[in-house]
Amino acid sequence: MNTEILGIILIYLLSLGLAIPTGYYIARVYAGQKTWLDFMQPIESLFFRLSGINAQQAMTWEAHLRAMLTINLLWFLWAMFVLMNQGWLPLNPDQNPSMSPDLAFNTAVSFLVNCNLQHYSGETGVSYFAQVFCLMFLQFVTAGTGMAVCATVFKAMQARTAQDLGNFYVYFLKSCTRILLPFSIVLALFLAYNGTPMTWEGKAQLISLEGDTIQVSRGPAAAMIAIKQLGTNGGGYFGVNSAHPLENPSYLSNVAESIAIFLIPMAIVFALGFYLNRKRLAYMIFGVMTVGFLLLVIPTVYYEMQTPAIFQKMGIDTQSGATEGKEVRLGTAASAYWAIATTVTSNGSVNTMHDSLMPISGMTALLGMMINALYGGVGVGFLNFYVFIILAVFISGLMVGRTPEFLGKKIEAREIKIAMLVALLHPLLILGMTALAAYLSANQTPMGWWFLDAEGKSLAGGAWLNNPNFHGFSEMLYEYTSSAANNGSGFEGLADNNPFWNITTGIVLLLSRYIPIIGPVAIAGILANKKYIPASTGTLQTDTFTFGLMVFAVIFIVAALAFFPALTLGPLAEFFSS
Amino acid sequence: MKTNLFSSFILSLACLILFSGVYSSIIWGIAQFTPHQGKGEVLKVNQREVGFAKVGQNFNQIKYFQGRPSAVNYNAAGSGGSNKAYSNPDYQAFIRARIDTFLKYNSTIQKKQIPIELLTASGSGLDPHISPAGAEVQISRIARARNLSEAKIKDLVHKSIEQPLLGFLGKSQINVLALNIELDKLK
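Which chain is which? The protein sequence lines are A and B, in order. FYI, the numbering for the first sequence is 1 to 578, going by our numbering. FYI, the numbering for the second sequence is 579 to 765, going by our numbering.
Source of the hints: derived by calculation from the structure; they are not laboratory data. Because the structure is a prediction, the values reported are computed rather than measured. A virtual CB, placed ideally from N, CA and C, is assigned to each residue, including glycine. One should not assume that every hint holds.
What the hints assert, rightly or not - Here's a subset of chain A near chain B, in silico, CB distances under 10 Å, partners left out: (1) 67; (2) 137; (3) 158; (4) 352; (5) 510; (6) 511; (7) 515.
Claimed, not checked - For lysine-lysine, the following DSBU-like pairs were computed, each having C-alpha atoms within a straight-line distance of at most 35 Å: (8) B:690 / A:203; (9) A:313 / B:682; (10) B:641 / B:765; (11) B:617 / B:682.
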């Protein structure tokens with residue numbers, strides 16, 4: 001078999017093999033059982049003592065959300081401060097300037113919500129201080145936030161009837177110290193040994209073989225790359241993310257980084273099974289996610305290993321596949337695999353330029369983000385899936401004429417309303433904003449202050465596109481989809497560093513992070529408060545193959561079909577016309 | 579709310595010290611013991627540093643093997659791909675021009691021998707590698723430019739091939755800078 005295909009099969013199997021024990025470990029951490037990292041305990045206790053937090057204090061679901069939102073607000077202010085002042089702050093050997101307010105807003109928000117959209121380039125747009133003390137800091141704590149909220153929902157699902165959903169700060173800090181930190185250390189060191197820089201020295205300057213003066217950017221990259229892969233952050237150290245030969249130096253480093261994308265998102269699902277002691281439920285969820293993932297990744301690998309028709313007509317040697325925007329050391333299969341892994345998990349790091357993907361691959365990448373629950377982001381991916389489960393329980397309950405129940409709790413109108421609002425928000429934001437941008441582009445509306453070029457001249461809508469026609473539409477659709485999915489990858493040809501894109505995507509980012517967190521936590525909290533009804537013969541079984549099919553159907557209807565018209569205007573039209 | 583604010587502030591500060599300060603110091607400290615002290619591997623010719631092993635550079639002279647087209651002209655103070663779609667007519671015209679240019683400088687080569695990666699820009703704009711086929715098609719041009727036998731250069735190209743990981747994962751490739759350094763040593 002083709003060595004490239006073998007490579008990606010191995011990557012998937014290694015991810016799965018590591019995710020199961022990791023899931024077991026995560027379940028033990030959240031359950032407060034003994035683990036081999038208990039030596040972190042004194043540090044955590046010290047943190048709590050200093051900040052006056054009583055780790056034993058139980059919280060209701062409302063208290064969880066209040067604590068989460070408060071601490072997030074502080075991080076936002078810190079990020080805005082650093083990004084707008086990095087020019088004079090320390091650790092700026094390349095003398096990169098401070099950010100403009102709109103770019104700082106977009107960057108601060110997108111790292112705050114675990115998206116990492118990056119309308120700047122790492123080499124020239126941020127200082128080492130901002131990389132390490134602002135962006136990398138947020139990559140830890142926002143991933144920790146998502147996981148903490150997920151742990152709250154686990155706890156609520158376990159509860160028979162309870163107000164007590166554990167302590168937000170404990171879940172948050174433990175997610176960071178016991179899960180994200182140790183894995184990041186391992187991966188960062190692995191990368192450092194494989195040639196990724198980890199230095200505080202500025203750009204290197206030297207004379208090339210042909211006698212030109214060249215400069216090579218570097219910096220404390222290995223540390224940040226590890227957490228951006230593990231925490232489904234995706235915000236790369238260098239501008240082109242893991243396509244950069246220093247960020248992802250070899251096929252081996254690519255294997256490690258690819259595994260890191262899936263490790264925690266997959267492990268969370270198994271953790272649920274161990275935590276609730278309902279392994280069959282975890283297998284059902286994992287099965288649905290995996291089928292969805294395979295349906296996206298197989299056509300992508302197939303099309304990327306083909307050659308665009310236009311090249312076949314030119315009569316050149318096209319064995320390597322669709323290589324525009326790809327790196328030789330990674331090859332087309334591993335690049336295609338990553339493109340889907342990163343979009344289904346809300347990671348958003350890239351090792352190939354998605355703008356140059358084949359039309360069908362562009363569509364599968366979009367679908368990964370439109371569904372946003374196939375493995376999904378750390379913690380929040382499960383929350384999205386939870387919403388689909390609630391909807392599936394309700395719909396199948398209606399279909400077979402049984403009271404909709406999930407894990408012994410009756411699901412009623414209030415929960416369904418919340419679930420439906422969360423599920424509909426995603427297409428509303430994506431399609432609504434894309435429609436706006438498409439309107440401005442089609443009419444070439446003068447944008448005034450909202451869209452200036454480098455010289456400060458105002459441009460018309462549509463001048464932000466890098467490719468014409470259907471693909472141009474896809475560029476705009478992709479940007480809002482990536483924002484709403486808190487993904488962070490992009491069709492990077494789009495000229496997005498201007499007030500219009502910085503501000504509109506910033507707003508989409510905020511809404512699509514906090515509402516899909518608040519919704520599921522509220523549902524889980526409300527359900528936890530309800531009376532526990534023991535399972536009877538009349539109970540709908542939620543850990544069966546049939547129910548898995550049902551969830552899959554709900555995902556397909558709610559997530560995929562809502563976007564079908566937009567996909568026909570973009571990637572599908574491009575596919576059939578080329 | 580007020581207690582939340584105070585607690586959040588102190589907890590954030592502590593996290594900042596641990597996850598930014600301590601964590602990056604640990605990685606940096608251990609990286610000092612890696613083969614290149616975390617600064618990146620540099621290749622030298624006669625004690626002079628000529629480039630980063632893993633970062634591609636521009637080769638314009640016909641006596642050197644050329645890397646892939648770059649959207650940022652191999653400026654490693656930045657990075658970037660073309661972000662062009664295959665359906666873009668301007669892009670297609672661009673590729674045709676690249677084919678013509680290549681054939682002009684490599685007159686012994688037929689169109690169907692040119693591997694696609696020599697005509698398409700890499701993702702980073704800094705791709706240090708080409709495929710063995712990508713080196714193969716440049717041999718005859720370089721042999722003429724350097725007045726060396728093709729066999730000799732072919733031999734060097736074969737020696738420069740980096741095999742797939744463990745022999746069966748991914749593809750074989752050639753580092754252009756390393757190959758050109760060896761090429762300069764050929765007599």
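Of the hints stated earlier, which fail here?
3, 5, 6, 7, 8, 11
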